[in-house]
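Colleague: Sequence:
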Amino acid sequence: MHETLSNKRAWERGMAHLKRRDKVLASLIAKYDPPMVTLRKNYYESIIEAIIYQQISGKAGAAIMKRFKTLYNGRLPNPKRFLETDEKLVRSSGVSPQKYTYLKDLCMRIENGELELKKFEAMDDEDVISELDDVRGIGRWTSEMFLIFTLGRIDVVPNDDLGIKKAIKREYKLRELPGKEKFTKLSKVWSPYGTIASLYLWRSLDGENGGWA
59 MHETLSNKRA
69 WERGMAHLKR
79 RDKVLASLIA
89 KYDPPMVTLR
99 KNYYESIIEA
109 IIYQQISGKA
119 GAAIMKRFKT
129 LYNGRLPNPK
139 RFLETDEKLV
149 RSSGVSPQKY
159 TYLKDLCMRI
169 ENGELELKKF
179 EAMDDEDVIS
189 ELDDVRGIGR
199 WTSEMFLIFT
209 LGRIDVVPND
219 DLGIKKAIKR
229 EYKLRELPGK
239 EKFTKLSKVW
249 SPYGTIASLY
259 LWRSLDGENG
269 GWA
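If you want my numbering, it's the position in the sequence shown, counting the first as 1, plus 58.
Just so you know, the hints here were simulated from the structure itself, not pulled from any lab data. For every residue, glycine included, the Cβ atom is placed at its ideal position computed from N, Cα and C. Any given hint could be a false lead.
What the hints assert, rightly or not - Label-pair ranges, simulated between beta-carbon atoms:
1) 147 with 238: 15 to 21 Å
2) 263 with 172: 27 to 33 Å
3) 185 with 130: 29 to 35 Å
4) 125 with 195: 18 to 24 Å
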């Protein structure tokens, strides 16, 4: 059974670990309350949203998601129903042709049993990433967001995330955005609580009045 962000003791152990190992994280932990994360329970809906929200603003993504659900009486269609829906109707909600192919591939894999979402809870992080990476339009970053905000995994450091890079550059007083070598070094220091470190770095970008609630 994997320890998750919903476990209060995991947070306590994680913060204590980071404060011991990293002076910068110790400063952020002292400055900010623990970033609150509400985990998504519906794996299918979480992946659908991740695809729809790709490369557009949160506001635009929310608008498309709402119109998409309206096609199905305000709810997400199950994979079978989606595959039975005419492409033109789906695209009328604002879903791009490319994202339509991503959604179709996801639903086809679920329908034919190639992708079993219910197994993710018991799988290791890299195995989940590998499974999702096979779906068209889902890369490592999207898979890492799924690991953090849906499965609640506690040792994920998204080294392609621009926000994390900017926070590291600022907080660690680097001259440029960190590269792979720097990420690898920090990840080893933070492990096995890399997610908590990532959340505090994102939190630092929000400022005093920001938050994850």
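Colleague: Please go over all the hints and tell whether each is borne out by the structure.
Modeller: The hints, checked one at a time:
Hint check: residue 147 to residue 238, Cβ distance near 43 Å, so the stated range 15 to 21 Å is violated. In this structure the hint that residue 263 and residue 172 lie 27 to 33 Å apart at CB is violated, the actual value being about 38 Å. At roughly 31 Å, the beta-carbon separation of residue 185 and residue 130 lies within the given 29 to 35 Å, and the hint holds. A beta carbon spacing of about 19 Å between residue 125 and residue 195 agrees with the range 18 to 24 Å that was offered as a hint.
In terms of the numbered hints stated before, the structure departs from hints 1, 2, listed from lowest to highest.
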